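A.B. asks: Please take these sequences and the hints and turn them into a complete structure.
There are 2 protein chains.
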Amino acid sequence: MTRTELPTDARVVNIGLSLFAQAAAAQGASVVQVDWRPPADGDAEDVRALTDLYGLRSVALDAANAEVLRRLDQGVPQLVAVRTAADVVPGLGDRMLLHPGPPIAYADVCDPLRRSMRAAVVAEGWAGDVAAAEELLAGGEVRLGSANEHAAVVPMATALGPSMPVWVVENRDGGTTAYAPIGQGPGDVAWFGRESAAAVERLVFLREVAGPRLARIVEQVGPIDVFALAAQGVQMGDDVHMRTQASTNLFIRSVLPAIAALGDDADSVAFAEYLAGNHLFFLTLAMAAAKSLTLWAERVEGSSIVTTMARNGTTYGVKLAGSDRWHVTDSPPVGDALYYSGYGPEVAAPDIGDSAVLELIGLGGPAAAGSAAVAAFLGGSMADAARATREMQQICAAESTRFKIPTMDFRGTPVGVDVRKVVETGLTPKVNTGILHATDGSGQIGAGVATAPLEGFRAAMLALREE
Amino acid sequence: MTRTELPTDARVVNIGLSLFAQAAAAQGASVVQVDWRPPADGDAEDVRALTDLYGLRSVALDAANAEVLRRLDQGVPQLVAVRTAADVVPGLGDRMLLHPGPPIAYADVCDPLRRSMRAAVVAEGWAGDVAAAEELLAGGEVRLGSANEHAAVVPMATALGPSMPVWVVENRDGGTTAYAPIGQGPGDVAWFGRESAAAVERLVFLREVAGPRLARIVEQVGPIDVFALAAQGVQMGDDVHMRTQASTNLFIRSVLPAIAALGDDADSVAFAEYLAGNHLFFLTLAMAAAKSLTLWAERVEGSSIVTTMARNGTTYGVKLAGSDRWHVTDSPPVGDALYYSGYGPEVAAPDIGDSAVLELIGLGGPAAAGSAAVAAFLGGSMADAARATREMQQICAAESTRFKIPTMDFRGTPVGVDVRKVVETGLTPKVNTGILHATDGSGQIGAGVATAPLEGFRAAMLALREE
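Going line by line, the protein sequences match chains G and Z.
Number 8 in my numbering belongs to position 8 of the first sequence; there are no gaps in the numbering.
When you read off a place in the second sequence, starting at 1, and then add 1000, the result is the number in my numbering.
Quick caveat, the hints were computed from the structure, so don't treat them as lab data.
It is possible that part of the hints are untrue.
Quick list of simulated restraints, FRET-style, between CB atoms [said to hold, decoys possible]:
{"#": "1", "chain 1": "G", "residue 1": "ASP330", "chain 2": "Z", "residue 2": "PRO1223", "range": "47 to 53 Å"}
{"#": "2", "chain 1": "G", "residue 1": "SER381", "chain 2": "Z", "residue 2": "ASP1330", "range": "54 to 60 Å"}
{"#": "3", "chain 1": "Z", "residue 1": "PRO1223", "chain 2": "G", "residue 2": "SER381", "range": "30 to 36 Å"}
{"#": "4", "chain 1": "Z", "residue 1": "GLY1277", "chain 2": "G", "residue 2": "PRO38", "range": "47 to 53 Å"}
{"#": "5", "chain 1": "Z", "residue 1": "ALA1463", "chain 2": "G", "residue 2": "SER381", "range": "40 to 46 Å"}
{"#": "6", "chain 1": "G", "residue 1": "GLY42", "chain 2": "Z", "residue 2": "ASP1336", "range": "42 to 48 Å"}
{"#": "7", "chain 1": "G", "residue 1": "ASP264", "chain 2": "Z", "residue 2": "ALA1138", "range": "45 to 51 Å"}
{"#": "8", "chain 1": "G", "residue 1": "ALA44", "chain 2": "Z", "residue 2": "PHE1410", "range": "46 to 52 Å"}
{"#": "9", "chain 1": "G", "residue 1": "SER381", "chain 2": "Z", "residue 2": "SER1196", "range": "36 to 42 Å"}
{"#": "10", "chain 1": "G", "residue 1": "VAL32", "chain 2": "Z", "residue 2": "TYR1054", "range": "49 to 55 Å"}
Please read all numbers here as calculations on a predicted model, not as lab measurements.
Glycine is no exception: its CB is placed at the ideal position from the N, C-alpha and C atoms.
C.D. replies: Below you can see the structure in the form of structure tokens.
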């Protein structure tokens, strides 16, 4: 190869790959390097779709997106009740369980979610033990439904049975109501893929002890503006996904008189112990609130904004506003992981849970920059956390008017993942999440960062173009 | 005066006053301006004292300071009980009230503190109404004592009577125990200089309802590591002085089972309402914890570190470790103030309260940089809050090993105000504080920043040199 020779006084502006710029600089030329990559990595079909969706189609699309963003940002979800799931969750019949992520047949369900389902079957009283529960499930005698298709969201490997207590969160402006189970707390629990006697007992405790008491509390105190608490939580270092300490505590203090009024019986004290030991208590409440907004937003036709992003441990599904269609890929492994001693990636189950609904409305990753706890997890400095927020800024279409980050001059968190921007940049949402054991039922074995697979977003964009 | 002429190629390094540099620059010379001021503003006596205290004397002084700093930074204050003040506070006899700041005669007490004292006298049952209370006080029939001289600290215009419940905080390493009253909460309350029926009733409520319940809670749950909670609070945006929201909530959630176990009687529910409505609840607990450390630190002889900084609304007192001597100046006005509608500086009482004990151990102003709430108060941006912390860094001798500020790369908050640095720089500690009405008993009328008067620190330094 002949060496490239430059005139001595060359001034070079180099766009894209830096190799040429380096060669020029090595020969003493003055070089300005422009960091540029072709959109969608230069994929011809994607570029045609983007040209179309950013071009003539964009006027209608931008109008639809503006309405979607208004709904995601400005709806006011109110906690109005805690009820038994069967009484309120639409379409949740007897002998039926709701699971996270896209619809799935039992044969395809991952190990931790199977265990959680078996624990739920036993807690519901449909089987006497987990072996009998397995027979029912494998024999198709328990129906499965995607929580997301029943106006509900469930975290990690939760299986939601009809007797379980759920948060009822209304978005009155939108006329939508969403549901999520009361959090199971830490430790030996079914939502981490455990099916021990203790895990079953915890589900019974939620039904018999925690649910009725939360119902009385909310009846006495509610309605409660969920995101008013979350917005304060963000000011206090919550991302309101992996960290909900401040929001949980604000919730508890705001209902404290109703907790005191429960009485000093053993069950009420046990309920207080459950609250005291569960700093993620606010998580599922925030998820239900977020879902009440995505339910409203998804009624808008012809938008490029993502309104569902959910994983069942086998597949990862994405939906856009205005479309019933799931765009499904394999559930990814959870990367950048920290494992408990003795565990590693070879025994890690893939990404699972519906909690990424939070990332769609400005919480979780979008709110990372303000969270010392998330920073500690992502590398130790606040700059690590800020990077997570900045990445979401690149693929989101708006900024929250309620969730403000002190460390970014009180700028709003990014809201509204735009599938065009995802495909254009190749960046997909990242979710900080727990990691479950893939096979042996030992529950949570670590935590890490799950990067959504690009393919689902790409398929969603191409489908939008087809419409 | 002849105009100074410079050669055309002059290069100037100018130290101190910038006038000459400006003149040189105006004539086209290249100028480097060094921002320098003479120490202690060039005061000859101060400079001699500083030369002495930084010079030959500094070896012994630095050793003493190191021990003082170790005690302020590393003592572990534990909440061990809530008790009736008369039973535990040393030297608090019958018909006696403890007040903030240096010792003072009733004739010299400011209006809001007088009102608070009258409310306390009525709550103690020594007088039937505030007029009768005034007679007792004016007639010298109620003894007054400086809380700081009784191992106690009290916030704002608190008058602490013997029947009131106090936090008992032990610093076991140091063998010191300190006390502070249970917080009165917001609104129509005596510590804001109110003497209404409601203010008296609140004191009775603290004695009859809140105190006994907190005593049961601490008995059941304690000992509680106060600064472990405060350290988490700092990570969550508390400065743990003007803002204690996160620390208060952490405290409440950690004792929640004991709150539930109190029972559902009307008083227990009223107690829960008092907790739910009092986001500054943690303030006096943190103050007692801080005092348990300054009590330990002040046993070290010959140190230039401040161990008392307290105001009674008339005078402002400073003490150094190893000395019983108060260095007293007039209590300053509270500057940079925000007033409630209809009020202004002309009706503002001077700075009052013992809460500045927090600024001596790394909380309050030293922790401002991490607090969005403090930032909002100081001007709106996190940079405003960071400035407060940086100013304290200039006059403090160490950094906290437990209170870490996320926004400053988890650097420790400044600890240990060194009177040498105060005099050298002319910077004194600033305290964010409430402002009370000076004359009419309407209570809190705003909030602002109280800058400690330099004179007390200067007197302390000169006295240290004399020793």
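A.B. asks: Run every hint past the structure and note whether it holds.
C.D. replies: Each hint, compared with the structure:
1. For ASP330(G) paired with PRO1223(Z), a C-beta distance near 52 Å keeps the hint of 47 to 53 Å intact.
2. For SER381(G) and ASP1330(Z), the hinted distance range of 54 to 60 Å is not satisfied, since their beta carbons lie about 45 Å from each other.
3. Checked against the hint of 30 to 36 Å, the pair PRO1223(Z) and SER381(G) passes, with Cβ atoms roughly 34 Å apart.
4. The beta-carbon spacing between GLY1277(Z) and PRO38(G), approximately 59 Å, falls outside the hinted interval of 47 to 53 Å.
5. Between ALA1463(Z) and SER381(G), the C-beta spacing of about 44 Å keeps the proposed range 40 to 46 Å intact.
6. Between GLY42(G) and ASP1336(Z) the Cβ separation comes to about 57 Å, which falls outside the hinted range of 42 to 48 Å.
7. Between ASP264(G) and ALA1138(Z) the beta carbons are some 47 Å apart, a value that agrees with the proposed interval 45 to 51 Å.
8. Checked against the hint of 46 to 52 Å, the C-beta distance between ALA44(G) and PHE1410(Z) comes to roughly 48 Å, which is consistent with it.
9. Look at SER381(G) against SER1196(Z): about 51 Å separates their beta carbons, and that is not inside 36 to 42 Å.
10. Remark: the range hint 49 to 55 Å for VAL32(G) to TYR1054(Z) is upheld by a beta-carbon distance near 52 Å.
Comparing the model with each numbered hint stated earlier shows that hints 2, 4, 6 and 9 do not hold.
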